[in-house]
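Undergrad: Here the structure of chain A is known, so what remains is to put chain B with the ligands in place on it, guided by the hints.
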Amino acid sequence: MAKPTAKKPTPVEKKLVSVADTVISAAGRSRDPALSIPVRSLANINFNEKRGIIEMGRRKQERTLFNVGMAKKFMQTVLVADALAELQRANLTTSLREIYYRTKHTMKDSHENTFDAQNESDPLIEDLEVTLTALREELHVRAENAGSIVGPVVLTDDGDRVDCARLGKGGYSVPSIVEPEFIQIRRCTADFVLLVEKGTQWNRLSEDKFWRRYNCVLLTGNGQPPRGVRRLARRLHEEHGLPVYVLVDNDPWGYYIYSVVKQGSINLAFESERMAIPKAKFIGLSSADPDTYGLPRNVGIKLNDKDVSRAKELINYRWFQKKPWQEEIKRMLATGLKYELDALANKDFRYLSKTYLPKKLKERDWLD
Amino acid sequence: MRAMAKRTRKSKAAVKSKPAPKSKRELRSKAKSKAKPEAATAKTPATDPKAAEAKTPDAKPAKPTTTISAVEMGARQREISVSEFFTKNRHLLGFDNPRKALLTCVKEAVDNALDAAEEAGILPDVLVNVEVAVADGAPPPPPSQATRFRVTVIDNGPGIVRQQIPPIFAKLLYGSKFHRLRMSRGQQGIGISAAGMYAQLTTGKPVQIISRTGARAAAHYFEVQIDTKKNEPRIVENKKIDWEHQRGTQVALEIDGRYQKGRASVDEYLEQVAIANPHVQLVYRTPEAETREYPRTIQELPPQPKEIKPHPYGIEFGILLRMLHDTRSRTLAGFLAADFSRVSSAVAQQICGTAKLSPNAKPRNVHGVDAEALYKAIQSTKIMAPPSNCISPIGEKAILHGLYKQIKGDFYTAVTRPPAVYRGNPFIIEAGLAFGRGPDQAAQTPEAPAVPLAEGEQQDDDNELARVIRYANRVPLLYQQSACATFKSVLETTWRNYGVVQSRGALPAGPMVVFVHMASVWVPFTSESKEAIADYDEIRKEIRLALQECGRRLGVFLRKRERAKGEFRRRNIFELYIEEVVEACARLKGGKFPKEKLKNQLQKIALKRTGGAKTDEILGHESGPEGLPHSIIVTPEGTEGEAPVPPGAEPSNGGPPEEPTPTKETTKAAKRKSKPSKRKKR
Ligand SMILES: Nc1ncnc2c1ncn2[C@@H]1O[C@H](COP(=O)(O)OP(=O)(O)OP(=O)(O)O)[C@@H](O)[C@H]1O
Ligand SMILES: [Mg+2]
Chain A
1 MAKPTAKKPT
11 PVEKKLVSVA
21 DTVISAAGRS
31 RDPALSIPVR
41 SLANINFNEK
51 RGIIEMGRRK
61 QERTLFNVGM
71 AKKFMQTVLV
81 ADALAELQRA
91 NLTTSLREIY
101 YRTKHTMKDS
111 HENTFDAQNE
121 SDPLIEDLEV
131 TLTALREELH
141 VRAENAGSIV
151 GPVVLTDDGD
161 RVDCARLGKG
171 GYSVPSIVEP
181 EFIQIRRCTA
191 DFVLLVEKGT
201 QWNRLSEDKF
211 WRRYNCVLLT
221 GNGQPPRGVR
231 RLARRLHEEH
241 GLPVYVLVDN
251 DPWGYYIYSV
261 VKQGSINLAF
271 ESERMAIPKA
281 KFIGLSSADP
291 DTYGLPRNVG
301 IKLNDKDVSR
311 AKELINYRWF
321 QKKPWQEEIK
331 RMLATGLKYE
341 LDALANKDFR
351 YLSKTYLPKK
361 LKERDWLD
Chain B
1001 MRAMAKRTRK
1011 SKAAVKSKPA
1021 PKSKRELRSK
1031 AKSKAKPEAA
1041 TAKTPATDPK
1051 AAEAKTPDAK
1061 PAKPTTTISA
1071 VEMGARQREI
1081 SVSEFFTKNR
1091 HLLGFDNPRK
1101 ALLTCVKEAV
1111 DNALDAAEEA
1121 GILPDVLVNV
1131 EVAVADGAPP
1141 PPPSQATRFR
1151 VTVIDNGPGI
1161 VRQQIPPIFA
1171 KLLYGSKFHR
1181 LRMSRGQQGI
1191 GISAAGMYAQ
1201 LTTGKPVQII
1211 SRTGARAAAH
1221 YFEVQIDTKK
1231 NEPRIVENKK
1241 IDWEHQRGTQ
1251 VALEIDGRYQ
1261 KGRASVDEYL
1271 EQVAIANPHV
1281 QLVYRTPEAE
1291 TREYPRTIQE
1301 LPPQPKEIKP
1311 HPYGIEFGIL
1321 LRMLHDTRSR
1331 TLAGFLAADF
1341 SRVSSAVAQQ
1351 ICGTAKLSPN
1361 AKPRNVHGVD
1371 AEALYKAIQS
1381 TKIMAPPSNC
1391 ISPIGEKAIL
1401 HGLYKQIKGD
1411 FYTAVTRPPA
1421 VYRGNPFIIE
1431 AGLAFGRGPD
1441 QAAQTPEAPA
1451 VPLAEGEQQD
1461 DDNELARVIR
1471 YANRVPLLYQ
1481 QSACATFKSV
1491 LETTWRNYGV
1501 VQSRGALPAG
1511 PMVVFVHMAS
1521 VWVPFTSESK
1531 EAIADYDEIR
1541 KEIRLALQEC
1551 GRRLGVFLRK
1561 RERAKGEFRR
1571 RNIFELYIEE
1581 VVEACARLKG
1591 GKFPKEKLKN
1601 QLQKIALKRT
1611 GGAKTDEILG
1621 HESGPEGLPH
1631 SIIVTPEGTE
1641 GEAPVPPGAE
1651 PSNGGPPEEP
1661 TPTKETTKAA
1671 KRKSKPSKRK
1681 KR
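Residue numbers (our numbering), protein chains in the order written: chain A, 1 to 368; chain B, 1001 to 1682.
With the rest of the complex left out, here is chain A:
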């Protein structure tokens, strides 16, 4: 790692300092200091049909200091920018939680804290990401390590060679920052990437050495895949031409996870550029599978109200407008049931690795 160099500010540090400049120049002109922050919501994204990714719109929101409703957020944003700049100068990475603790203190002569909970500081980091167009990784903020990889891939991490085929069934824990500066992909002989939603299924497949038989990379993000996992899948896809298949529960949340991997997220639409894998395929579970694979109705779970409304939301997303997807979601709503991957165990403990996936892959039975 490079030694901290106070003299040569990184480009990101310069961007962070610009927040202070905004304040200073406004104050000099007796103006209310304002930060223009791109709006991170469904209303401010475009789905680029041609590229198959979600892009951020132009809508911005002014965050000003002298507005009772925004004053605190403004102050907090400046504090977070300061903490992030400190990271740059020290060339350290840190977690969201540490940023929270670093910026939290009681304000002078008051009983008020700068931050009361981490959920106040987290979104501000995202605000700065979009405002300064700096990636989370560039800001040196990492998420929790919550992903695993196993398969015929050799990586270098901090100079250590990591052969993901020789790490037993536990595999390698995917760090949150997998940018080429930190992780290099030395060798990859796999034929495809299988990104599994749930750790339990990933364990099943790893245990069964599914990756060996089908020569693939097994990835999981334990739920919504963290940035590191998404980014690594993207790199394998981009740098080594591996197709990516996504295996999730058959419920609206599973669909959404797939869509984030494929098109990017609404919240951090500007990151799609580097994260999205527009060619990723949805391998299952599909709402058609229970029929195809003879899963009994009694291993299904009734959709709750939230599932139903979420499904109805998804059905309107521009990236779910393809006919097969409309059918997929409508079918789920029609049966009123959702199925977990685990339900496949109803047939056989190894049904997933022995029957289900092989059949799917063989028949190229997936959704795009």
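To be clear, the hints were calculated from the coordinates, so they are not data collected in a lab. Each hint should be verified, as a subset may be incorrect.
Straight line, CA to CA, 30 Å or less: simulated DSSO-like cross-link-like pairs of lysine-lysine [said to hold, decoys possible]: (1) B:1565 - B:1541; (2) B:1560 - A:73; (3) A:72 - B:1309; (4) B:1595 - A:104; (5) A:72 - B:1541; (6) B:1589 - A:8; (7) A:306 - A:281; (8) A:104 - A:8; (9) A:330 - A:347; (10) B:1592 - A:73; (11) B:1608 - B:1565; (12) A:108 - B:1608; (13) B:1599 - A:108; (14) B:1309 - B:1541; (15) B:1088 - B:1205; (16) A:108 - B:1560.
TA: For chain B with the ligands alone, kept in the frame of chain A given last:
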């Protein structure tokens, strides 16, 4: 003591020693409804044979089972002694229980002292001493346990001439205020003698009086008791003594009583007397030997109320009959013009015309149907409202002073309504309001709690309800609150309109005292015990209007304060955040960063965006209670408005003042709009 007057008619008629008073007042106190002739006479005592013969409806035989003959019944008739009557009807006079009895004794003596001094044009100085008494040399129990007390009240009034002392204190229904239509505290000539009799009944001790009419007169000491059979004073002791006071009266009573603080206590009574009578200097020595001083804050007497003749609208039929009988006028028209207020000879002629009676008729000969016609004619004739100079309201300034002096608050206001009339009686309603806890208290409970509130936590809700203090002719009313028109009007007022919390049908909530005073030549009470004001529409309306005006002013004050507080809080927030932002910017920029400059620039913007200097002003730092007449606003920085000058607040060259006084203005400055010293800019 109206009660006695009413109830003692029987006994009075019986007590032959006293000529039946030709009293208008007495009869007035009868039924409140328009009295029918029967009603007026049906109560005539049976001992008056003429009346019984003439007016008792004869048709009604008593229960068929009764076999008592008229002779037997006649044999049973006997005089009812005042003592017997009194013992049986103590409650009518306020002696229902020992606690109330103690209050009533204090009240009767204090009311008399104030009445006497005021009537003589003297600024009253009153000392009240209540101490534990013991029957037989036993060690005195603590006041809360004691059952016997000695009440002494000393005034600086005109004193009482020697020969009047025994009947005043030991003869029921003897007084100077009964036979006139004039506003005063006492009315019936029974108060102090009833207290004396209560003492006599419970402890057997005579009333002790010292009175002196001037520096050159001797002080007379009396011990008197009532001969309860004859209702005549019995002098136990009488001598000239040396007395340290040059003029005035001292009354001492030893009674069975109970001393308990709190609601409707002697303490509360005297405190409320002080509020409504800021021209009085009152010292109260409690049974616990504590001395409470209520200094005089208004140095002038209220204007003397004038005596008036009755107004024809308010008159009851029985009274009209009596007046017709008693008048000195020779003609009916002359009688009407001379014996009533607001009846000119033209109006008199008109009344006679309407009644189809000759203006020259002899008043004495107008009775029966004619009298009824006359009565009706009076009611249907348009007559000017009675003069109101017979009423002496406390006045807005004095109420303000009284409230300000006795009640801690942030805001005070007072309203005196113009005179109005109910049933021919002129009256004036006054209302006042004290709101808040005062700056000292507020400082003790800072707005920002020491610990930031967690989710779900809330500031303690204040369930305190407003206190209503009620007065009739400057006398505090301590009992039967909910029966009182004043209290009902407070409930009826929609305080929510003025920014005060109020649940349905309840008193407004908050640190608030509501003051209501009714001044009248005749205050209509709901019962004999003079505890609650009756519910006349005209009275209710006046009270409501007065309360609404007070409420409006309070609303203005609260709104202004709220707004100013909001701005102030905003600016505080900004100042807090500016600090953080400046520090963060300095760190971001690194090196020699001009922190102060940035801070000043930002603070200037903050000030500009939060109402600037105006906030200070609204908070009351720079100006008085703008637009709020007869109001006082108290802030930690001082007092604005018509606040009284506490005695001793005048700049003195002596040592440091014993206590920091809330205001430093002189009287003149206070009358003008005061400009308190410039507050340091934050
Ligand atoms: N302290 C006093 N100084 C001078 N005169 C007094 C004093 N106390 C009583 N008097 C006179 O004695 C009279 C009788 O007093 P008392 O209290 O019995 O009746 P009241 O005050 O007229 O009416 P009420 O029964 O309503 O009190 C009064 O009218 C007053 O003239
Ligand atoms: Mg009296």
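Undergrad: For residue 1309 (chain B) and residue 1541 (chain B), compute the direct alpha-carbon distance and say whether it is at most 30 Å.
TA: Judged against 30 Å, a Cα distance of about 25 Å means the pair holds.
Undergrad: Taking only the CA atoms, is the gap from residue 1565 (chain B) to residue 1541 (chain B) under or equal to 30 Å?
TA: violated, 35 Å
Undergrad: Would the pair residue 1608 (chain B) and residue 1565 (chain B) pass a check requiring their Cα atoms to be no farther apart than 30 Å?
TA: Measuring from Cα to Cα gives roughly 16 Å; hence the hint holds.
Undergrad: Between the alpha carbons of residue 72 (chain A) and residue 1541 (chain B), is the straight-line distance 30 Å or under?
TA: violated, 51 Å
Undergrad: Need the status of pair residue 72 (chain A), residue 1309 (chain B): alpha-carbon distance at most 30 Å?
TA: Not satisfied, since the Cα-Cα distance of roughly 73 Å exceeds 30 Å.
Undergrad: Checking one constraint from the list: CA of residue 1599 (chain B) to CA of residue 108 (chain A), max 30 Å. Satisfied?
TA: holds, 14 Å
Undergrad: Residue 104 (chain A) and residue 8 (chain A) were given as a pair; does the straight-line alpha-carbon distance stay at or below 30 Å?
TA: holds, 28 Å
Undergrad: Is residue 1560 (chain B) within 30 Å of residue 73 (chain A), Cα to Cα?
TA: holds, 29 Å
Undergrad: Could you grab the alpha-carbon distance between residue 1088 (chain B) and residue 1205 (chain B) and see if it respects the 30 Å cut-off?
TA: holds, 20 Å
Undergrad: Against the 30 Å threshold, does the CA-CA distance of residue 1589 (chain B) and residue 8 (chain A) hold or violate the hint?
TA: holds, 14 Å
Undergrad: Given the hint that residue 108 (chain A) pairs with residue 1560 (chain B), test it: the Cα-Cα distance must not exceed 30 Å.
TA: Cα-Cα ~29 Å, so holds.
Undergrad: Within 30 Å, alpha carbon to alpha carbon, are residue 1595 (chain B) and residue 104 (chain A)?
TA: Holds - the C-alpha atoms of residue 104 (chain A) and residue 1595 (chain B) are around 21 Å apart, at most 30 Å.
In this structure, the hints that do not hold are numbers 1, 3, 5, in rising order.
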